Amino acid sequence: MVDITPADGIPPAEVAEVELYHPHSWWTKYVFSQDAKVIAIQYSATATGIGLVALVLSWLMRLQLGFPGTFDFITPEAYYQFITMHGMIMVIYLLTALFLGGFGNYLIPLMVGARDMVFPYVNMLSYWIYLLAVLVLVSSFFAPGGPTGAGWTLYPPQAIMSGTPGGQDWGIILMLSSLILFIIGFTMGGLNYVVTVLQGRTRGMTMMRLPLTVWGIFTATVMALLAFPALFVASVMMLLDRVLGTSFFMPAISEMGEQLQHNGGSPILFQHLFWFFGHPEVYIVALPAFGIVSDLISTHARKNIFGYRMMVWAIVGIGALSFVVWAHHMYVSGMHPYFGFFFATTTLIIAIPTAIKVYNWVLTLWRGDIHLTIPMLFALAFIVTFVNGGLTGLFLGNVVVDVPLSDTMFVVAHFHMVMGVAPILVVFGAIYHWYPKVTGRMLNEALGRFHFWVTFLGAYLIFFPMHYLGLMGVPRRYAELTDMTIMTESAHHLNSFISIMAFIVGFAQMVFLFNLIWSIRHGREAGGNPWRATTLEWQTPQTPPAHGNFGKDLPIVYRWAYDYSVPGAKEDFIPQNIPGSFGPSKEPA
Amino acid sequence: MAVALVLVLIVVGSVLFHLLSPWWWTPIASNWAYIDNTIIITFWITGIVFAAVVLFMAYCVFRFRHREGNRAFYEPENKRLESWLTIVTAVGVTALLVPGLFVWSRFVNVPSDATNVEVVAQQWQWSFRLPGKDGKLGTSDTRDVTADNPLGVIGGDPNGQDDVVVEAADLHLPVGKPVKMLLRSIDVLHDFYVPEFRAKMDMIPGSVTYFWFTPTRTGTFQVLCAELCGQGHPLMHGVVVVDTQQDYLAWLGQQQTFAQLSAPLQTGSADQAPGKTMASGLKIAAKLETVRAR
Amino acid sequence: MSVILVFLLAIAGFVGWWLSHQRLTAKPWLEQGLAGDFVALDRSALPTAKIGLGVFLAVVGCLFALFTSAYFMRMAVSDWQPLPLPRLLWFNTGVLVLSSIALQCASVAARRGQLDTVRLGLATAGLTALAFLVGQLMAWRQLTEDGYLLSSNPANSFFYLITGMHGLHIVGGLVGLGRTTAGAWNGARPERLRLGVELCAMYWHFLLFVWLAIFALLAGWAATFIDICRQLLT
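Protein chains in written order, with my numbering: chain A, 43 to 631; chain B, 264 to 557; chain C, 45 to 278.
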């Protein structure tokens, strides 16, 4: 039991080592800014921009699948370029960049009570290298031969052979270069996020008083720092195979009657490296979503997050376990079959901490005071889609069940539900939640509700039925589903339905973008703390927070992040920087 | 209110969709009904969990929605409840995993009486090789692939001379006999996949992978490629015909052996010559044309 | 993938040790007030820049551990033909050790405030590091002239790739060293200079360690060592 009444005259918390850079000109204030909040907005805007490209690509793919033969310009070649760029952009350039570069930059310093990131200059570089990576990626659309069509997994040998679009042209080279740049840029940012959480916390902010958002982003960043090198290694080696003719991944090959110069390389080695990055990547996207959704549910249900300690342990546990499950993506890759026993077991074990998180979210709702605000709606939708996608993961993680389902539409439906739709719903919820802090105004409520219902129900209607196409045996990555005995007439109709839903859901995102822009000027004034939340970002003297975040003195933290509806307290929330003792100071019996 | 109702509708709708929709797996044609059964178990367990969680949420949203003067109950954690939930989850996960691992150990251990059948994939067609009278397949190497020796069988290996070579045509298998499919690729990754057999495995250039199964009913089944292999990937179809024993032997009698095929032919080299000079883009276009025409 | 897993296990051990000092089992809702002052749970006393560098070095370590993993996996294929390491590498190793020693001296001198020794140490370290890079390039040239081309065998490919990657990290370090050296001549604040020198020393020692590890790897000793371990275990 530690219960301290604050002594008078506590000196203001100050982090001496972070020397704030003060901008002198418009350029250093808004463009080459070293302020994490500006960098966050730059990251988010760039990620959204490139994300829109990926959205349009998904429409084009769905046009082809839903209405085969109607659109002549979507050749198989183009189709494979669309799926590859769609996948890569969504997973890496949108979700990873948005959660860590966007939300991480904005929220970490504010939530831990720091004036800025600890290495602001490096942080700025991180964004500009990310932008360069995005530009290199986009340039491949205009390169001779177009972007690569190797699928987002870029499996060699096909990724660098002439039967694949971009394989012997510029596409794959630009793709790999862009990835290498992204990883360098990300490492710069990632160092900041980790070290700011370690060293930038204000006085009284112990690790166990951090909001789960910070825990999620922190753990995800640590994982990303350790996982991205695997992609880096794989990219560099493949680039050498493609450009200088080495044989890291390229075995002896007879392509269209012609012997290639490579010899002895191992395609499986690439897959190991790729998935050693690729599986943690799933959690790099998921953990920030877990953290953010915990805070959304707690704030809008006016109740502390249920089982905070368990939530922290689960985040750390999932982070650690996710490094020993990678080969569950390779059950039918031809690797040694005995690995299947090990990886199926570890994969299903990881389901336990994940399930605990789900229980704790719904138990937070139990006996809460649930305000059905738009962030809360998105949080509820996240739980539905995440549970759905997580449970289908139990099919694919269980090695023998994966055999018929792998490489079918079931897999596509599964990962879209669990790491596409679910995290994106959290992103939306988070934007509706923090937009008032970033701009000082609320987003339009009616447009928001329209956006929510169309996105949630539409996305569910897209991906739930898609599982059943996979169950029928329809393979993924088929540019045309013709001349197949398993494709019944009704399955073609289902595909058309899915495509129409995809257009409707995509349209709703345009409404959302309009709302984002329109509300900057026309939204309702929000005030400093519209959701009556406890965490430090809502306690800043100005909204939006000014340069340096907290005015003259940094806040001092006296309590954890979840003092909602504490018995004995007048209000139903107590901000973290309010001293004084309330409520039960010992274990309820 | 509306939210709670929608959540209930999602559960009801999903369950009804599962039960009533026409989209379900193809009738099985191999011994891997075990896999189907494991999927059914998984559907039951996960379905119950999904319904329970979402319905509980719907109830919470309905019962504890904000009304004037409400205040949330203060409960930081409940160790007993959390421990119970952990244990129940662990039991559920074990119930999924254990049958799965048992079936997997059957899947990877090939019965000793299985016949070897080699599948050789290339962009974008399937070829097959069956052991001849000696019951052994000759060794092979991608480096030995030529127009006259499309599977790269090593000519000097006596075991290979009587191998039956089926180039870019249908494969026949006798019903009721276990087969071990030896999978090989001479260019990129492919995956030999017949939905009705349930089993599949990637084929990797430079190594030989395998899976086994026993065909349990006669019929004609379509082979699909299940690993992205370039532009022609969706066109890479093949046919497996499961025959009665007599029909199978009749088919086998019509096939040519490696020795017969590699005997000098009058034509062949003349046809191949223009191919060499074609630019790779044109070559791919030509290849796609032939695959599409088939 | 065993090398990278062992590396990550070490990282996990360190993270676990750190987490165990964060009172993860505390019940934060019962601790109102300034708990942070009670038990030293605030930030570490180490300078932030050092912690930042430490995290970065973990990432670099991860990178080289992955290259090593890939090396061992690719080595298992039959077409692997080890290449004879040029003798020049021994000389280069000596130069790199010298570089590290010089920086260590500079770092000790910076603590004592002996500016002249600091300058001498920094300059020596920079020049020897440059000499190392030149030596590596000469080793590359020698190998190419002897016919060990990049793409002719995977062992060669890995040699060029791994040494090249290590060299790039030295180049990056030289940028940092250059800035610190400029500071030493242009009268940087003593505590700032000291931190800069210490950071350089830390980075240099780490890269020396990485170099020794990959030298052992490329010379084949690492593989022999692992074989011996495996025999001892079975």
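Read the hints as simulated data drawn from the structure, not as lab findings.
Remember, it's a predicted structure, so these values are computed and weren't measured experimentally.
By construction, the Cβ of each residue, glycine as well, lies at the ideal position given by its N, Cα and C atoms.
Be aware that a few hints might be false.
Stated by the list, open to error - Incomplete in silico selection of chain A near chain B, CB under 10 Å: (1) D114; (2) I116; (3) P118; (4) P309; (5) S448; (6) V480; (7) G482; (8) A588; (9) H589; (10) P617; (11) I620.
As the list claims (entries may be wrong) - Okay, derived cross-link-like pairs now, DSS-like style, lysine-lysine, Cα gap no bigger than 25 Å in a straight line: (12) C:K71 to B:K342; (13) A:K612 to C:K94; (14) B:K399 to B:K443; (15) B:K342 to B:K399; (16) B:K396 to B:K342; (17) A:K612 to A:K71.
Unchecked claim - Residues from chain B shown here face chain A by an in silico Cβ test under 7 Å; the list is partial: (18) W307; (19) I311; (20) Y337; (21) V356; (22) I417; (23) P421; (24) D425; (25) L452; (26) G469; (27) Q508; (28) Y511; (29) L515.
Here is how each hint holds up against the structure:
The beta carbon of A:D114 is not positioned within 10 Å of any beta carbon in chain B (closest approach about 15 Å), and the interface hint is therefore violated. Look at A:I116: its Cβ only gets to about 13 Å from chain B, farther than 10 Å, so that hint breaks. A hinted interface residue such as A:P118 counts as satisfied when its beta carbon comes closer than 10 Å to some beta carbon of chain B; here the least separation is about 5 Å, so the hint holds. Checking A:P309 against chain B: minimum C-beta separation of about 5 Å stays under 10 Å; hint holds.
Hint status for A:S448 relative to chain B: holds, with the closest Cβ pair at about 7 Å, below 10 Å. For A:V480, the interface hint is violated, the least distance from its beta-carbon to any beta-carbon of chain B being 25 Å, above 10 Å. At its closest, the beta carbon of A:G482 sits 25 Å from a beta carbon of chain B; the interface hint therefore is violated under the 10 Å criterion. Evaluation of the A:A588 hint against chain B yields a violated restraint, the C-beta minimum of about 33 Å exceeding 10 Å.
Restraint check, A:H589 versus chain B: the minimum CB separation of about 36 Å is more than 10 Å; hint violated. For A:P617, the shortest C-beta to C-beta distance to chain B is roughly 17 Å, which exceeds 10 Å, and the interface hint is violated. Violation of the interface hint for A:I620 is found here, the shortest Cβ-Cβ separation to chain B being roughly 17 Å, above the 10 Å cut-off. Taken as a hint, the C:K71 and B:K342 pair is honoured in the structure, with Cα atoms around 12 Å apart against an allowance of 25 Å.
In summary, the hint linking A:K612 to C:K94 is not supported, as the alpha carbons are separated by about 45 Å, beyond the 25 Å threshold. For the given pair, B:K399 sits about 13 Å from B:K443 by alpha-carbon distance, which is consistent with the 25 Å threshold. With a CA separation close to 63 Å, the supplied pair B:K342 and B:K399 exceeds the 25 Å bound. Distance restraint check for B:K396 and B:K342: the Cα-Cα separation of roughly 69 Å exceeds the 25 Å cut-off, and the hinted pair is therefore not satisfied.
Distance restraint check for A:K612 and A:K71: the Cα-Cα separation of roughly 41 Å exceeds the 25 Å cut-off, and the hinted pair is therefore not satisfied. Here the hint on B:W307 is broken, as its CB sits about 11 Å from the closest CB of chain A, past 7 Å. Annotation: B:I311 was flagged as interfacial toward chain A, and the flag is violated, the nearest CB pair being 10 Å apart, outside 7 Å. Nearest Cβ of chain A to the Cβ of B:Y337: about 5 Å, under the 7 Å cut. The hint holds.
Taking 7 Å as the C-beta contact cut-off toward chain A, the hint placing B:V356 at the interface holds, the least distance being around 5 Å. Interface restraint check for B:I417: the shortest CB-CB distance to chain A comes to about 13 Å, outside 7 Å, so the restraint is violated. Violation of the interface hint for B:P421 is found here, the shortest Cβ-Cβ separation to chain A being roughly 23 Å, above the 7 Å cut-off. Hint on B:D425 is violated. Least Cβ distance to chain A is approximately 24 Å, over the 7 Å limit.
Proximity of B:L452 to chain A holds as hinted, the smallest CB-CB distance being about 6 Å (cut-off 7 Å). Restraint check, B:G469 versus chain A: the minimum CB separation of about 3 Å is within 7 Å; hint holds. For B:Q508, the suggested interface contact is broken, since its CB lies about 25 Å from the closest CB of chain A, more than 7 Å. For the restraint placing B:Y511 at the interface with chain A, the shortest Cβ-Cβ distance is roughly 21 Å, beyond the 7 Å limit, so the hint is violated.
Hint status for B:L515 relative to chain A: violated, with the closest Cβ pair at about 25 Å, above 7 Å.
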